[in-house]
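Taking the hints into account, I'd like the entire structure generated from these sequences.
Sequence lines, in order, name chains A and B. Take the first sequence: its letters are residues 1 to 334, numbered as in our numbering. Take the second sequence: its letters are residues 1001 to 1406, numbered as in our numbering.
Hints may contain errors.
If you want the ones that stay clear, here's a sample from chain A, every Cβ over 12 Å from chain B, calculated [unchecked claim]:
# : residue
1 : Val91
2 : Phe120
3 : Gly308
Keeping only pairs whose Cα atoms sit at most 20 Å apart, straight-line, the calculated DMTMM-like set for lysine to aspartate or glutamate is [as the list claims (entries may be wrong)]:
# : chain 1 : residue 1 : chain 2 : residue 2
4 : B       : Lys1315   : B       : Asp1305
5 : A       : Lys133    : B       : Asp1379
6 : A       : Lys284    : B       : Asp1324
7 : B       : Lys1143   : A       : Asp151
8 : A       : Lys284    : B       : Glu1319
Since the hints were made in silico from the structure, they are not lab data. Think of the CB as a built atom: it goes at the ideal place given N, C-alpha and C, for glycine as much as any other residue.
Single-letter residue listing:
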Amino acid sequence: MHGMHVNRMRWILVAIVVVAACLLPFVLSSYRVFQFNLVLVYAIVLLGLNILTGFNGQISLGHGAFYAIGAYVAAVLMDQWGVPYWATIPVAGIVCFVAGFLFGLPALRLHGHYLALATFALGISMPQILKYKGLEQWTGGVQGIVILKPDAPFGLNVSQDQWLYLFTLFVALIMFLLAWNLLRGRVGRAMVAIRDHPIAAEAMGINVAAVKTLTFGVSALYAGVGGALGAIVVQFVAPDSFVALVSISFLIGIVIGGLASISGVIYGALFIVFVPNIADEISKAAPWAVYGLFLLAFVFLAPKGVAGFVQILWGKLLNARTRNRARSATVQSQ
Amino acid sequence: MLSKRVLRAIAISGVAVGLVAGCGEQQQQGSSDPGVTESEIKIGNTNPYSGPASAYGTIGRAHAAYFKMINEQGGINGRKVNFITLDDGYSPPRTVEQIRKLVEEEQVFFLAGTLGTPTNTAIHKYVNAKQIPHIFVNTGASKWDNPENFPWTMGYNLSYPNEARIYAQYLLKNKPDAKIAILFQNDDYGKDYVHGLKLGLGDKADSMIVAEVSYEVTDPTIDSQIVSLQASGADTFFNVTTPKFAAQAIRKVYDIGWRPLHILNQVSSSVGSVLKPAGLEKSVDILTAVYLKDPTDPQWADSPDMKEYKAWFGKYYPEGNIEDGFNVPGYMIAWGVTELLKKCGDDLTRANVMKQMASIKDVEAPMMLPGIKWNTSADDFALIESGQLARFDGEKWVMFGDVIGN
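Right, dumping it as structure tokens:
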């Protein structure tokens, strides 16, 4: 009974958040809408990374590379072949799934820190690969590619920023639903089992290699979808947009938000978008030192991520309510 | 109205980012455009204060320090300058975000001195669609001089092609039968230089250029390129490389006994970070183009503009490093913005800003080398188009000859 009650409350909460997210572009200025659009983009990427790192225990310091591939797939398709923006999203996802799957095969042999280094190599080399002469006719080399922002379809009376936000929100909801569905099922349990105890997982009949490479592919797919949306939102891709730091900030995002938490990626995405700006406002001389302080503060105050912190608060609130109810029940019965 | 505010408050607090609030209402006065009030002019800027290019951050801090002085002196025509500079970390997506903040939230009057080629490329279309002056763009690329398609953007630096044309003019005059070998980095920057040299040489480009070899930023060395350039029989070497490769090239050229007329692009003209590692004795007689006064050069110590510069630096930017040459463009751009606003008078509209920017005639800016003047017109958006040649004497760059260029 109690469990069902909590479950229902959680769904009501999710519904409220979704409705609020839908209303957001109509109450905020277009610049803020653009910022929250970026939050949604990063949330999708972080979700993918969290599936890999949080749920499956494989550390990636190179997801910026898949993010870049997704962005370039979308930009090149729109720029060279005039593909409509919405059609580039699934293509970017599939390309990145294949790339992630292929990278996942050799990465199978690597564990922990070694895997982190191998993925970091991917992240750090991507900007230079994007400048490669042989690809320049498509990628535009260091110049990058400027793309046009799409208008709202069907003559809808919303601005480009509002429309793009709603479109991103729509894609994000689908990606969240798919992730939720994947993680609560058999595959999700297999992922967690492999993270917690690979030998035991194998003994129970889980095909560890297959699950791990598939997880890598799915995770890259999320990064690719996010990358494509990010390119469309920013209207520009260039090698300098995808430096190694991007990969690191993704990892920061999932740790700050909460490892192995679906809702945590939203907090992580908010952190990625807003904290650097706050740091810049506090100090022009050393914005990164301020950023570092924020990072330390989060790690100390919310060691299980913001999602864990919220969970604790939520639990306290529920406890207090149950206690209150119990007390009023006793009072009534007296 | 009220309910909209309440909704906004709920939406913002709902996502637990209280700090995003605070978008000030901008009042508009008379005929002037957003960003201008009776007492203030708002100017926007982005610079990399963090990230891989944060060495450039001092440029933005110098801008701000200059306006601090202007404001203490009473501002411009009674208006204080509110200079808002934001960190973009040299990351194009963040530049887009910060520029949108400056234009849409802060409602700045115009943008000045935004730094970096990829970062400015990312906002090029946006600012022109919004019709926001995007001036004194701080990069060497040539694409900011395109008044027909981008009438709201104008660059600041002597552009790469224009620098190359200076070398071309020098060669045509002093060494018309030169056989030129070119080494260039295979990207926009390198190609800009090569293109400029060919334009400058005109009809003679085909006969004068005997070899053209490129390298990738990822190449470990450029030794083989140098050897093949020497084999071409060239007697003039145009060295279009970034600092690390420039040092390698200088050393290799010397070591294999090749003694061409060596022209080094200004990008790599730093004595400390290029010529010293290459070997000062191996760098003797290399030529390059210069257009700014170097604060460490003793020959300018007594010139009034240098004295003024140093006085300003000591008072308004004491935490900075006076030997850092990057502060000079920061100072000059802020000076340029100040002069521009004086010229605009009380007609503070964005259209007038561009009109005044496009009608600069023979302006001698402080810290420019004598004889190098700023000039623009409605169909020429390149501010600085001339420079002076300098020869390395084993210790420092010694200028010679006349100012070359338009």
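**OP:** Given the hint that Lys284 of chain A pairs with Glu1319 of chain B, test it: the Cα-Cα distance must not exceed 20 Å.
**Re:** 13 Å, holds
Original post:
Regarding the pair Lys1143 of chain B and Asp151 of chain A, is the alpha-carbon distance no greater than 20 Å?
Top reply: 27 Å, violated
Original post:
Does the structure keep Lys133 of chain A and Asp1379 of chain B at a Cα separation of 20 Å or less?
Top reply: 33 Å, violated
Original post:
Any Cβ of chain B at or closer than 12 Å to Phe120 of chain A, or is the non-interface label fine?
Top reply: 16 Å, holds
Subject >> Given hint Asp1324 of chain B paired with Lys284 of chain A - CA-CA distance at most 20 Å >> reply: 18 Å, holds
**OP:** Hey, is Gly308 of chain A genuinely clear of chain B, shortest beta carbon separation above 12 Å?
**Re:** The claim stands: Gly308 of chain A keeps its Cβ more than 12 Å from every Cβ of chain B (closest is about 15 Å).
Original post:
Is the straight-line distance between the alpha-carbon of Lys1315 of chain B and that of Asp1305 of chain B 20 Å or less?
Top reply: 15 Å, holds
Subject >> Assertion that Val91 of chain A lies farther than 12 Å from chain B (Cβ) >> reply: 21 Å, holds
When each numbered hint is compared with the structure, violations occur for hints 5 and 7.
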